[in-house]
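**Q** Please construct the entire structure, taking both the sequences and the accompanying hints into account.
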Amino acid sequence: DAKTTQPPSMDCAEGRAANLPCNHSTISGNEYVYWYRQIHSQGPQYIIHGLKNNETNEMASLIITEDRKSSTLILPHATLRDTAVYYCIVRPSTSGTYKYIFGTGTRLKVLA
Amino acid sequence: DSGVTQTPKHLITATGQRVTLRCSPRSGDLSVYWYQQSLDQGLQFLIQYYNGEERAKGNILERFSAQQFPDLHSELNLSSLELGDSALYFCASSLGGLAGRGDEQFFGPGTRLTVL
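From first to last, the protein sequence lines are chains A and B.
For the first sequence, this note's numbering assigns the number 2 to the initial residue and increments by one for each residue that follows.
For the second sequence, this note's numbering assigns the number 11 to the initial residue and increments by one for each residue that follows.
No wet-lab data here; the hints were simulated from the structure.
Check each hint, because a few of them may be wrong.
[Claimed, not checked] Quick list of in silico lysine-lysine cross-link-like pairs, DSS-like style, CA-CA up to 30 Å:
| no. | chain 1 | residue 1 | chain 2 | residue 2 |
| --- | --- | --- | --- | --- |
| 1 | A | Lys70 | A | Lys100 |
| 2 | A | Lys53 | A | Lys70 |
| 3 | A | Lys100 | A | Lys110 |
| 4 | A | Lys4 | A | Lys100 |
| 5 | A | Lys110 | A | Lys70 |
| 6 | B | Lys67 | A | Lys4 |
| 7 | A | Lys53 | B | Lys67 |
| 8 | B | Lys19 | A | Lys110 |
| 9 | B | Lys67 | A | Lys110 |
| 10 | A | Lys100 | A | Lys53 |
| 11 | A | Lys70 | A | Lys4 |
| 12 | B | Lys19 | A | Lys53 |
| 13 | A | Lys53 | A | Lys4 |
| 14 | A | Lys53 | A | Lys110 |
| 15 | B | Lys19 | A | Lys70 |
| 16 | B | Lys19 | B | Lys67 |
Source: prediction; values computed, not measured.
**A** Structure follows, in structure tokens:
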């Protein structure tokens with residue numbers, strides 16, 4: 002299973018873009034990158050996912066490098082409500098198994 | 011609101027006891043996942059069911075078991091409880107399709123289990 006590496010914590014000023022990096026150097030060709038976040042002790046919330054192309058939705062943008070060994074989640078205009086732990090996950094593609102392996106994530110603190 | 015419901019919200023019990031946690035997935039979702047989150051362990055995948063059948067197993071103890079019923083709701087049974095089982099237990103659901111196509115998981119609010 003591909004593993005991910007994320008910085009343990011980051012700060013971002015309110016209104017600025019938050020760029021959260023993730024390293025997944027052992028990712029396989031057919032494995033997707035998913036991002037979730039967890040605000041305090043609430044259930045994790047899906048943000049975005051992608052395979053090799055950059056993706057954007059109403060919450061964020063996902064930039065995946067050409068070699069797919071790393072990606073960056075971008076929150077374009079961070080607000081205080083974006084303070085959360087952000088998890089980057091590679092979804093294993095083993096036939097019949099759909100395990101999500103959550104690492105320790107990045108604790109993002111948005112500062113007023 | 012993710013559409014996933016979990017009951018109860020809080021549960022306090024004693025060591026050696028048995029409890030059942032319940033999860034109702036989003037309407038139309040066929041897959042249910044269970045996770046445990048304790049302070050020192052992070053979010054740990056326990057088990058996944060798809061349309062009533064076990065599909066994937068993670069770090070689930072033998073004292074724990076789960077099942078998914080014909081109406082797609084799921085129950086997680088924890089027995090011979092120990093102090094270390096105190097944690098947040100999350101249920102998530104997804105359509106259950108292939109990776110990248112409707113497999114994003116939607117999490118419930120969790121059940122906080124305290125074992126005294």
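**Q** Do the alpha carbons of Lys19/B and Lys53/A lie within 30 Å of each other, as the hint requires?
**A** Since the Cα atoms of Lys19/B and Lys53/A sit roughly 39 Å apart, the hinted pair is violated (cutoff 30 Å).
**Q** Under the criterion that the straight-line Cα-Cα distance not exceed 30 Å, is the pair Lys19/B, Lys70/A satisfied?
**A** 39 Å, violated
**Q** If you draw a straight line from the CA of Lys70/A to the CA of Lys4/A, is it 30 Å or shorter?
**A** Within the cut-off at roughly 11 Å; holds.
**Q** Hey, Lys70/A versus Lys100/A, does the alpha-carbon distance stay inside 30 Å?
**A** With Cα atoms ~20 Å apart, Lys70/A and Lys100/A stay inside 30 Å; holds.
**Q** Would the hint linking Lys67/B and Lys110/A be met if the CA-CA limit is 30 Å?
**A** 33 Å, violated
**Q** Against the 30 Å threshold, does the CA-CA distance of Lys53/A and Lys70/A hold or violate the hint?
**A** 10 Å, holds
**Q** Could you grab the alpha-carbon distance between Lys100/A and Lys53/A and see if it respects the 30 Å cut-off?
**A** 20 Å, holds
**Q** Need the status of pair Lys67/B, Lys4/A: alpha-carbon distance at most 30 Å?
**A** 18 Å, holds
**Q** Lys19/B and Lys67/B: Cα distance at most 30 Å?
**A** Cα-Cα ~24 Å, so holds.
**Q** Does the structure keep Lys4/A and Lys100/A at a Cα separation of 30 Å or less?
**A** Answer holds: Lys4/A to Lys100/A is near 12 Å, not above 30 Å.
**Q** Given the hinted pair Lys100/A and Lys110/A, is their alpha-carbon gap at most 30 Å?
**A** Distance ~28 Å between Lys100/A and Lys110/A Cα, so the pair holds.
**Q** Please work out if Lys19/B and Lys110/A have their alpha carbons no farther apart than 30 Å.
**A** It holds: about 27 Å lies between the C-alpha atoms, which stays within 30 Å.
Of the numbered hints stated above, those contradicted by the structure are hints 9, 12 and 15, listed in ascending order.
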